[in-house]
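Asker: What follows is the residue order along each chain.
There are 4 protein chains.
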Amino acid sequence: MNTSSQRNIKVGIIGATGYTGQELLGILFRHSKVDIVFVSSESNEGQSLSQNFPQFKSELKFINLSQSKSFNANDLDLVFFTTPNNIAVNNAKDFLDKGISVIDFSADFRLKTNEEYAKYYGFEHKDLDLLKSACYGLVEQKRKEIQKLKKPFLIANPGCYTTASNLALLPICSYKKDVFDFNSIIINGASGVSGAGKKLDQSLSFNEANENFKAYNIAGKHRHTPEINMVLSEAAKREIKVSFTPHLIPMFRGLLVTCYINTKENFDLKNFFKHYKDYYENDFFINIFELGLLPETKLTNKNNSCFIGMDHDKDCNRLIICSTIDNLVKGAAGQAVQSMNLAYGFHETLGLV
Amino acid sequence: MNTSSQRNIKVGIIGATGYTGQELLGILFRHSKVDIVFVSSESNEGQSLSQNFPQFKSELKFINLSQSKSFNANDLDLVFFTTPNNIAVNNAKDFLDKGISVIDFSADFRLKTNEEYAKYYGFEHKDLDLLKSACYGLVEQKRKEIQKLKKPFLIANPGCYTTASNLALLPICSYKKDVFDFNSIIINGASGVSGAGKKLDQSLSFNEANENFKAYNIAGKHRHTPEINMVLSEAAKREIKVSFTPHLIPMFRGLLVTCYINTKENFDLKNFFKHYKDYYENDFFINIFELGLLPETKLTNKNNSCFIGMDHDKDCNRLIICSTIDNLVKGAAGQAVQSMNLAYGFHETLGLV
Amino acid sequence: MNTSSQRNIKVGIIGATGYTGQELLGILFRHSKVDIVFVSSESNEGQSLSQNFPQFKSELKFINLSQSKSFNANDLDLVFFTTPNNIAVNNAKDFLDKGISVIDFSADFRLKTNEEYAKYYGFEHKDLDLLKSACYGLVEQKRKEIQKLKKPFLIANPGCYTTASNLALLPICSYKKDVFDFNSIIINGASGVSGAGKKLDQSLSFNEANENFKAYNIAGKHRHTPEINMVLSEAAKREIKVSFTPHLIPMFRGLLVTCYINTKENFDLKNFFKHYKDYYENDFFINIFELGLLPETKLTNKNNSCFIGMDHDKDCNRLIICSTIDNLVKGAAGQAVQSMNLAYGFHETLGLV
Amino acid sequence: MNTSSQRNIKVGIIGATGYTGQELLGILFRHSKVDIVFVSSESNEGQSLSQNFPQFKSELKFINLSQSKSFNANDLDLVFFTTPNNIAVNNAKDFLDKGISVIDFSADFRLKTNEEYAKYYGFEHKDLDLLKSACYGLVEQKRKEIQKLKKPFLIANPGCYTTASNLALLPICSYKKDVFDFNSIIINGASGVSGAGKKLDQSLSFNEANENFKAYNIAGKHRHTPEINMVLSEAAKREIKVSFTPHLIPMFRGLLVTCYINTKENFDLKNFFKHYKDYYENDFFINIFELGLLPETKLTNKNNSCFIGMDHDKDCNRLIICSTIDNLVKGAAGQAVQSMNLAYGFHETLGLV
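Protein chains in written order, with numbering that gives the first Met the number 0: chain A, 0 to 352; chain B, 0 to 352; chain C, 0 to 352; chain D, 0 to 352.
Don't read these hints as lab results, they were simulated from the structure.
The model shown is predicted, which means the values in this text are computed figures rather than measured ones.
Heads up, a few of these hints could be off.
Copies of one chain are not kept apart here, so a pair can be met inside one copy or by any two copies together.
Calculated pairs, DSS-like style, for lysine-lysine (alpha carbon to alpha carbon, straight line, at most 30 angstroms) [to be verified]: (1) Lys269 - Lys60; (2) Lys56 - Lys111; (3) Lys68 - Lys147; (4) Lys263 - Lys236; (5) Lys175 - Lys263; (6) Lys301 - Lys60; (7) Lys301 - Lys32; (8) Lys143 - Lys97; (9) Lys176 - Lys68; (10) Lys240 - Lys263; (11) Lys220 - Lys240; (12) Lys273 - Lys176; (13) Lys56 - Lys276; (14) Lys60 - Lys273; (15) Lys97 - Lys68; (16) Lys131 - Lys141; (17) Lys220 - Lys9; (18) Lys273 - Lys263.
Construct the complete structure from the given sequences, taking the supplied hints into account.
Answerer: Structure below.
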């Protein structure tokens with residue numbers, strides 16, 4: 000498809016004052032095929048975007064959620080929800096019914112069953128049909144599906160830890176049988192504080208979070224656990240349950256997961272590494288380090304790439320894979336734009352670095 | 000033993016300009032039963048301690064290593080080596096032969112075999128008899144042995160990751176049989192940058208290490224791996240090989256290990272937790288959090304305590320234990336003073352917080 | 000006075016959960032002549048100190064303010080208020096009337112006039128007699144006064160910026176006439192985030208304060224301005240009005256002021272420097288750097304010293320003095336203990352480093 | 000000029016491994032009118048750019064300086080020197096003589112006289128004619144001059160502190176006479192550690208620079224002092240000598256200067272503020288905050304804007320202006336691209352945010 004001849008798409012952002020909302024704004028202002036027609040925020044309604052966020056030079060003013068629903072499909076192609084959980088689930092349909100597509104950054108359309116929503120998110124999903132219609136936007140896994148989406152579409156943008164974890168582990172699921180012990184997967188994650196969003200919380204104050212490191216929501220309690228299990232189980236065509244342990248790093252952005260899986264005697268690292276590189280051969284944003292090298296979060300700063308490195312612990316028969324992304328870009332706003340690009344027939348990398 | 004009637008001991012510090020050396024100085028200047036008789040440093044020889052480290056008000060001047068050997072047992076009871084690896088191994092004997100005791104912060108006397116020194120440290124150990132005579136100074140494991148040491152003694156002060164890891168896992172080794180899979184132990188560690196010492200290295204510059212997180216020396220390559228295996232194997236009376244993966248945190252001090260071990264169906268968290276607390280009942284510096292709570296590195300700031308929390312992942316049958324220490328205190332200078340206190344009959348906590 | 004024969008004093012801390020309160024607790028737990036008889040906090044009433052702050056091993060439980068007033072002079076010698084402004088002013092008298100001394104960390108007894116309280120703190124001072132009776136606890140300026148205090152006494156512990164600024168500039172006030180232009184004083188300060196205390200505020204969240212630097216309350220608006228003017232004017236016996244500009248540094252503790260004053264042609268740096276050192280000759284906690292060297296906040300970490308360095312800009316006829324303290328120690332808890340030591344006849348440095 | 004019809008310009012970067020070089024690469028890879036034809040680095044010669052800096056997806060390999068001189072004007076329009084001082088001065092002419100333009104990030108062509116180079120940089124300038132021919136690239140001051148440059152041109156890209164300081168103070172120079180005391184200017188600056196570049200230095204290690212703040216090169220010793228004086232003196236048409244005091248902030252990027260100037264009785268803030276805004280009316284990258292608001296360094300993150308706020312201290316008759324930029328963008332790579340855009344007739348903001 001010839002991108003340059005296409006008209007620009009008109010988008011709106013609901014919840015544009017949070018960290019992922021701001022990141023998305025930064026990307027979209029530079030995106031050559033997008034016009035931002037509104038930003039919405041309940042708390043900043045009526046205020047100017049530039050006055051609140053002087054780094055953006057724009058004439059936009061914040062509207063509220065209900066005003067955003069006055070747009071119709073002629074004025075608006077796509078709405079991004081960069082809101083907390085349990086908001087898009089109640090509002091996405093109002094846009095979809097008018098023919099306006101939705102990309103949701105929250106978990107509201109990521110999982111499959113009401114049980115999981117009840118257990119991990121504490122609410123019953125009100126619209127299981129809508130849930131079923133949502134496309135899970137992990138591009139490297141679902142590229143073809145996203146490219147074929149009919150408008151208006153609903154994309155569930157994956158979680159940040161989930162993205163880094165699944166990108167690290169997907170090639171394992173398609174490797175030879177009888178090499179890995181799929182019951183042994185441990186994902187030890189760590190994220191910068193922006194992953195916790197903008198909420199006011201003593202433990203997220205500078206004075207508490209600075210010069211500090213801790214685990215939280217361990218032993219299967221973190222909400223990304225069922226999402227990781229869902230993706231890997233689908234890919235491996237067997238039930239997979241991982242141990243996922245997140246940690247909080249005293250830095251703003253960036254996330255790294257260190258994944259462990261037991262290998263059987265016949266495991267050959269070089270052979271597996273070749274398979275791994277082949278698996279991601281056509282994925283622009285996946286950057287696999289040569290054996291012996293390891294990635295670091297700093298590399299991901301404000302870009303949409305996932306950097307991956309690995310090694311095999313022969314003494315313990317265990318494969319270790321490190322995977323890092325910018326939680327606000329590939330883990331949120333960048334991945335959403337990557338999906339948007341595919342769904343509208345733009346080049347997958349347009350506006351992204 | 001009545002501490003207050005005892006005379007002060009006279010100590011010297013070799014390598015007093017590094018981070019663990021400075022930490023030790025800070026503790027010893029406040030220790031009521033210690034007189035510091037010399038500080039040594041090749042690079043700062045002849046300079047005043049206070050001029051180089053204005054936080055210390057002292058008349059001491061740095062001497063060099065060979066000058067430090069002019070002391071005899073009347074003037075000097077104990078020497079601390081806070082030097083890099085492969086220095087104490089060549090110099091400790093000169094003090095011991097004169098009746099002067101030695102506490103070594105490096106790895107030179109921690110391991111048991113020449114093979115391990117060759118594999119992990121790249122040098123052949125020159126004095127296996129001396130190596131054999133050294134007492135491994137993990138106080139919570141070796142308290143009685145340290146208390147009974149005859150002077151002059153040689154104590155190998157444990158590594159920082161090793162200390163946090165073994166304190167987390169020792170109670171497992173003495174628990175009921177057939178509850179844990181000892182082949183499944185994974186230790187995911189993370190440390191502040193002071194753990195890397197004072198060496199000049201681009202990757203340890205502020206500009207590179209700040210706002211960054213990464214794994215290093217993964218897959219069994221980190222030197223603390225054989226030390227952890229040694230302690231746990233001795234305690235469990237079986238060979239244990241752990242997967243140890245260290246990470247670098249953008250902060251100065253503090254270290255946290257997240258340990259994983261698979262449990263069998265009969266595992267009962269409450270019963271195990273009771274055993275765990277009993278195990279450390281008489282250990283002042285071990286602080287075990289109630290179930291549901293997790294420690295953070297900030298708590299360890301400049302104190303000698305190890306804070307431990309745990310939970311059980313029922314979906315995966317896996318126990319997760321988090322353990323944190325200040326790498327410069329319980330992981331180095333504080334633990335050395337704790338050993339010194341015991342070896343000289345002072346109260347174990349004297350001068351420590 | 001022979002310290003060792005004196006009985007321990009019994010103290011209580013009101014507002015013990017804030018950063019200065021915690022710092023004070025850490026110092027007092029190690030102070031050999033102090034017994035802490037209570038800690039009070041409205042929000043943590045009834046809870047155990049160690050459970051909230053596991054770094055402290057103590058049996059104390061938090062009481063509330065009104066319970067703290069049930070103590071009498073037999074059970075309690077001294078109360079520290081480590082509370083926000085406008086609390087001690089309403090409660091100190093209840094203790095003083097019972098013969099219990101008070102050291103207040105807030106600004107409630109620092110200034111002299113109701114006008115200043117109205118202008119800078121937004122409240123009318125209710126008790127001008129009490130205000131008049133308070134001793135301003137800048138030890139290096141008021142040592143003799145503090146030593147002579149009769150019990151029960153009321154000490155106003157100075158502000159953090161004020162302490163660093165006045166320690167830097169006091170020697171100027173007693174130097175030869177006609178050398179400085181006292182109308183030209185500019186104090187450019189910068190402090191770690193702990194200076195802002197524990198209040199919940201988006202701008203003090205890790206995500207906002209990290210990797211950020213800004214001025215605030217500029218152009219005479221910061222509350223420490225009148226306090227600095229008060230001390231310098233008294234010392235110089237003339238009215239002095241400084242420009243004080245604070246900044247926020249992305250770090251936890253430490254504060255540095257860079258002070259500027261215009262010099263006349265006859266200014267001689269070496270002569271002035273000799274005067275400066277003489278001025279502080281007997282002040283243990285004042286550490287003056289040789290010309291050519293400058294202090295940094297890291298030196299002050301957890302100690303009670305003030306480090307000072309200076310240079311003269313000949314092209315502009317301007318003296319520049321840098322002064323740094325730990326805002327939580329010399330700028331708060333340490334200075335209070337220094338005052339306490341003097342008022343009770345202990346050695347000035349007891350329990351302090 | 001119609002940008003879209005113009006051919007792309009071909010540029011090379013000498014010293015592309017430093018922080019300003021990497022920043023420039025990031026900007027130029029996204030710049031629609033630029034093709035990067037080479038990157039040079041002595042230390043990385045022969046290596047691939049992407050292998051050393053995986054965040055860049057590029058086929059470029061590092062060449063050395065002498066190889067870079069094999070290009071001629073057909074293959075190369077413009078060379079950026081992102082090298083330390085005293086390199087461009089010896090090599091720029093080799094490019095200019097072949098008709099290739101040069102933008103130099105170092106100080107080699109910023110000042111006017113050999114005396115200043117001898118005093119502040121310790122070398123004699125070898126080519127005073129070349130020095131004279133250089134255009135000083137502070138765009139907001141020299142826009143017309145830069146637009147009229149004939150090729151091959153030589154642009155001296157301003158220093159980072161200089162840029163923030165002069166942008167803050169330029170409007171003062173053109174305001175009414177007899178309002179300011181030009182002898183009273185004090186510039187108190189503070190910069191993130193990236194300002195010190197990539198050199199290995201203990202004081203720039205994470206362990207030393209983290210949680211630390213200090214002044215350095217005070218009292219007129221910093222090399223940006225004569226550069227600030229030069230620009231302001233030219234603008235004010237009188238000799239101006241400022242006191243400039245830099246400080247080091249524990250963060251990577253961002254720089255803020257707090258400028259002080261004494262005002263006479265007739266000073267009116269509102270009137271001056273209007274003049275100030277008018278002065279920068281047509282400057283896209285200058286963002287002046289309304290009275291009462293102050294900028295912070297975080298706003299400048301990776302963008303080319305300068306954010307300015309001010310207030311008047313009436314008690315002291317002193318105007319205070321805070322100005323902040325990203326030292327790597329508006330203070331280096333961004334400003335260079337802004338100059339490049341103007342010199343080639345592109346839109347001034349092309350490729351910049």
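Asker: Which hints from the list above does the structure break, by number from lowest to highest?
Answerer: The structure breaks hints 2, 9, 17; every other hint is satisfied.
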